[in-house]
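**Student:** This is what each chain is made of:
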Amino acid sequence: MYLPKDASRARIREAEGARKNRAEIVRGLSTGEVTRRELFKWGIFTSAGLLANINGLSPFATSAYAQTAPTGIPRSPLFGALPFTQPLRRLNLQTPLPLTPRMDYGETVLDFPSGGELPARRLSYHTEFTANGSYRNPQNDYGPCEGRPPGEWFAHQRWTEYLPKKAFIMSLAPVRSGVSFHDAMPDQEKNKVWTFGSGRTGSSGFPPPLIKVRYGEPVIFRHYNMLPHDKADNGGFGSISQCTHNHNGHNASGSDGASNAHFYPGQFYDYHWSTTLARADMINTAATDRRASGPDGNGGLTHVPGDFRELQSSLWFHDHRFFYTAENVYKGHVGMLNYYSGPDRGNELISDGVNLRLPSGTELDWGNIDFDVNLLFSDAGLDNDGQLFFDIFNSDGFLGDLTLVNATYKPFFEVLPRKYRFRILAGGMSRFWKFALVNDLGALVPMKVIATDGNFLPKPISVTSLDWQGVAERFDVVIDFKAFPVTSRLRLINMLEHEDGRGPKQQLSLSDTLRGKSADPAVGAVMEFRVVSQVESVDMPGKFHNAGDPDASRVPATLTSVIPIVTPVRERVIEFKGADSKADNLTGECFPDCATQMESFGWSIRVNGEENHFLNANRISMLIPKPGEVEHWTIVNGGGGWDHPVHVHFEEGRMINRGGRTLTALEKSSRKDVFRLYENGRVKIQVRFGEYGGAYVTHCHNTVHEDWGMLMRYDILTDKNNTKNSQMQTSIVPTPKPSPNGVEYVTPEILPEGNPFDPSFKRFPRPST
Amino acid sequence: MNIAQRLVKTITGRLVSCCLGLATGLMIAIGAASPAHAQWDEAYFPNVELVTQDGVRVRLWDDLLEGKIVVVNFIYTECPDMCGLTTARLAQISDWLGDRIGRDIFFYSISLDPVNDTPDKLKAYAEAFDAPPGWLFLTGDPADVDVVRYKLGERSRSLTAHRSDMVIGNAATGEWRRASLMGSLVVATEDILALDPVWFNQAAAPRETAQGQAQEQTKLIMQDTPGQGLFISACAACHTIGEGVRVGPDLAGVTLRRDRTWLERYIQAPQRMIAQGDPVAVALDAQFPVVRMPNLGMSSTDVGDLLHYLGAQTDLLDQVAEAEIPSEQEHAAHHATEHEHDGENAGDGHAEHKH
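Chains as they are written, first to last, in our numbering: chain A, 1 to 769; chain B, 1 to 355.
Hints in this document: simulated from the structure, not taken from any laboratory.
Glycine residues also receive a C-beta, built at the ideal position from the N, C-alpha and C atoms.
There may be inaccurate statements among the hints.
As the list claims (entries may be wrong) - Pairwise CB distance ranges, derived in the manner of DEER restraints:
| hint | chain 1 | residue 1 | chain 2 | residue 2 | range |
| --- | --- | --- | --- | --- | --- |
| 1 | A | SER134 | B | ASN201 | 19 to 27 Å |
| 2 | B | VAL280 | A | GLU161 | 54 to 62 Å |
| 3 | B | PHE288 | A | LYS720 | 25 to 33 Å |
| 4 | A | PRO186 | B | GLU49 | 47 to 55 Å |
| 5 | B | VAL198 | A | MET540 | 54 to 62 Å |
| 6 | B | ALA283 | A | GLY202 | 42 to 50 Å |
| 7 | A | GLU161 | B | ASN201 | 41 to 49 Å |
| 8 | B | VAL198 | A | PRO752 | 54 to 62 Å |
| 9 | A | PRO186 | B | ARG57 | 37 to 45 Å |
Take the sequences, apply the hints, and build the full model.
**Tutor:** Following this line, the structure appears as structure tokens:
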């Protein structure tokens, strides 16, 4: 319910009246004056048995006390900030630090020549802390200095094989002074925003970071938690213990960041971002395929084992602290990650038969971003003082009324009349988007989609608007501004309307979007492109690019090959917000009848039609018993008027079908790691696991739903016959239980319906219809 | 429960309700370490009036929230499936938290069906779960309940879609979150206790693993054997773990509700602590006056093993509790049936029967 400010008094009066009506109806029902059937006839009761949401008549409609915006507060004050008055901030590009290997008691450790840092190494420093109390947290002296759990379970897997060559050190810290979403808006108070800063500084700011990595050059992401020690110093939301998920890198469980291994202020955590190419143990194991490679920095290639069809490009990283993810990410624990490879080089000129020469730039050997731009979309709500606001009591999903790009309110971006690649991330909590580009006249401008969720489509697909884009989904698009004269202005618009955070309400027509015919403030133009004659290079600051410069970039007709759908070893059915069966187990019949409403567990997940479960880090809902086996998963939306963007960690899935609904052009042959289900919808995917093991999760990436329990753990076992595989993950791993003074381990339980070793396991379950 | 017990319970309930003002004053002192955060204070929670199962009128902020650690779930007495189950599990947590309930931690079960749920009905419901005095079952004017419901995050659009977890918070520190009632109850209990800054800091204090012995990798998984032997030989005659009071208190959850240092001291020298006037030791002595807690001459290693075992057994009980959900459900259904036979229902079901 988005009500204009001046209507709030009327709205409250109306709602007061509605509450009285509602009370009378309920009283009438209870005394038998009216029947449910009569209410149904009057259109007040819905077939689902709810009081219809008309004029606030429903007892479960939004309370008048909460009114106005979907944030639960009045519309955010803008302080006079106008759209398209602030330039886009490019993400804050991080500089890697070199590492020097050294042998230390039979282990390879990596020194930081830049100094001041403990060497990076396979085992957590927590191991010694547990053994003899050394390596203490420098800020409080009673906990360990590293939050990574002790011992072999959380030792970096395949350490020497994927030995890090570079390191990134970042702090998560209260925001420094002078940081805002727009120059006209107030600076954020230090504990309203907790975001990243470079190095071990304890200071942070916008824009969010960008980290560039390349295949063949594994890195350490050393993350310092520099947050306050007092949990109450959080500005009303946000947890002081956090952890970072690399979404969706092919990494070991301990570096995936979603294994209940959050860490505390004063501690650091070394994540091993291995840049492993999936199927390294099965396909192209000798690293002879030139396409399976990374740039070597001198125009050549570093070959890596693995399947070139699994190469990834546009990833991101964000908090994954169970129960607090939505507020932590919203508060600033977010950044983007570009993976560079032989084909996706980030260089337009190198012509070696492998490089696709996509729009990027020419200044650097790899990773040019002059014409390859990360766009991190999010939505925010501000309180009356202009400070970031989050409603921790909202369980439907939290929506902001301000749209931000790279943490700037409705920015503009200057482009040359040439091809650009944009990496578009839906990085909010609950908001879905549908983006399109319009010219000065309001006509749609075509875009070429080249990748979904950081995986190349086999061929580029021309569209005039993108598919709906759920939370965490990414689209890589190429836009050619060549046809637009200098001074042209184009706008990126959002055509998808929300009424609440459960899922999008409807897609608007182009004309309704442009005319602002929506109560949702996030509908309409969100960003402006200005065609100009000159821009300064970000790859080579001080150098300028001009409108007449040749555009050497290409968008080849073929980008990659499709991994075929094959007969799976087993199938699974995973239902989000499953409703319990209406029949009882004893007789298989409903009582008193199947039309009678039953209560159901919301915000839960069930596997193969068994019991619903909420998030429990110590429960393994599915076990992946062996690397390399192909599985088909049917992911079902259990209903309830919700939509869920479901994220699978660690591996991407190839979409097979959507049950009765046809796949869109962008979905056919796509590989993704987030799957929108649609209301009452389902999607079937093919996945295959390998190379690493341990605990991972799948969950709804509406992070509010996730925090309220819609997440489950699955464990991947490594191969005990493969000496390259870590031998600590050949059976299930215990669950870390972190506290400021260190991590304990507890023994997890496994659901039989998810355990292929259990005699009752169903290899080919059927989804209910 | 016999009539006399009920009467006692009712009176204590009333006394507690009357003393809420006083308790609030104490709680402010406890929470004073961290100032209340502006965002989730009385400006957010409207001070509307609710009614307890004893008919006492209470204000949301002044009487129920201010300065307290609270656990709130939403129920209604005619709820077919979920409420009985979740309330039974909440009762388990309440048992484990022991005497902290009503002292600094308060449980509130708020009716989603205030028109039907009179204080009398809620009272019967509370007694069915043997709710201690610090656990209030609340109803009120539907409009007021709506506001409370919304503000505490129960925003479902229909009764049957209501949430089955709980919202837990410390109004003194402004920390609020959700916790599952269907997952691990040990985790849920720890989540509640962690809202208390004092408990949180104690939990964060150095432990023996942090200071002393090197641990083999395999030892990082719980080793229960030595503690189990000690429990059987030294404790089991008087104590159960999760099977109720035998001679002394049930030790399920004891490692959660009592500070570890206190447990170590008490097990090694109980009489000394009583003599020194330690309030918990004195209260326990008064509660179990017939047999006194002996000094068993345990070493600190023994105590460590024993506490490890007690903690692990509590974890195990937690798993059993999950496995036994159907029987709890039957239990709850049984109560619901009883209520219907009382003939007090005037709900939807009756309306339909009449037509």
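**Student:** Evaluate each hint against the coordinates.
**Tutor:** How the hints compare with the structure:
no. : hint                              : verdict
1   : A:SER134 <-> B:ASN201: 19 to 27 Å : holds (23 Å)
2   : B:VAL280 <-> A:GLU161: 54 to 62 Å : holds (55 Å)
3   : B:PHE288 <-> A:LYS720: 25 to 33 Å : violated (53 Å)
4   : A:PRO186 <-> B:GLU49: 47 to 55 Å  : violated (37 Å)
5   : B:VAL198 <-> A:MET540: 54 to 62 Å : holds (57 Å)
6   : B:ALA283 <-> A:GLY202: 42 to 50 Å : holds (45 Å)
7   : A:GLU161 <-> B:ASN201: 41 to 49 Å : holds (42 Å)
8   : B:VAL198 <-> A:PRO752: 54 to 62 Å : violated (41 Å)
9   : A:PRO186 <-> B:ARG57: 37 to 45 Å  : holds (42 Å)
Hint violations for this structure: numbers 3, 4, 8, all remaining hints satisfied.
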